[in-house]
Amino acid sequence: MRQTTYQTTIAVVQSVRTSLRIHVVGIAILLCLTLAFVALTSKDATPRILFLLFCLAFTGTSIAEYRKESVLAEDHLLVSSTVTELRRGRRGSRSIRYQFVAFDGKQYQGESDWGAHKVQVGSEVLVLYKPLDPAVNLPLPRFLFYSFRTT
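Read in the numbering used here, the sequence shown has 222 at position 146, and its numbers run on one by one without any break.
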């Protein structure tokens, strides 16, 4: 009788405790208010318009990032992913592509900016993803408004 061994690619699901980084939220709010104050109190029209546009762009970007992170922080699964590609962008920015196997047994890919953390192709990176939509995912080190502790 022939015996076949199957190797699973589903990573062990771990649990993480989520906490909001209050200081980051406070700094973002303070920066938005400062830009709005400068825009409203400037006497010249050009600086007023520029500060107002920058304030709106920063506020919109911050709210979009917070909402994206909140969705993942509230309802998520944690999995180990493998870095498949490193990219260098203009001005020295780095991004990574990674792949992981979700709880449903299917393989998914993701892409994220990476920053200064040391990583190479083949490295493992922890990723949070939505259980009902694993295409919505983000590596743990890339969260701005939340921090995580494995339990």
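Think of the hints as simulated: they come from the structure by calculation, not from any bench.
Treat the hints with caution; some may be incorrect.
[Stated by the list, open to error] Here are the simulated lysine to any residue pairs, SDA-like style, with alpha carbons at most 20 Å apart:
| # | residue 1 | residue 2 |
| --- | --- | --- |
| 1 | K194 | V212 |
| 2 | K144 | F221 |
| 3 | K182 | T158 |
| 4 | K182 | I139 |
| 5 | K206 | T226 |
| 6 | K194 | H152 |
Going down the list of hints, with the structure as the test:
1. Restraint check: the Cα-Cα separation between K194 and V212 comes to about 24 Å, which exceeds 20 Å; the hinted pair is violated.
2. Restraint check for K144 and F221: satisfied, since their Cα atoms lie roughly 10 Å apart, inside the 20 Å limit.
3. Taken as a hint, the K182 and T158 pair is honoured in the structure, with Cα atoms around 14 Å apart against an allowance of 20 Å.
4. The suggested pairing of K182 with I139 is violated, with an alpha-carbon distance near 31 Å, which exceeds 20 Å.
5. With a CA separation close to 17 Å, the supplied pair K206 and T226 stays within the 20 Å bound.
6. Simply put, K194 and H152 have alpha-carbon atoms about 25 Å apart, too far for the 20 Å limit, and the pair is violated.
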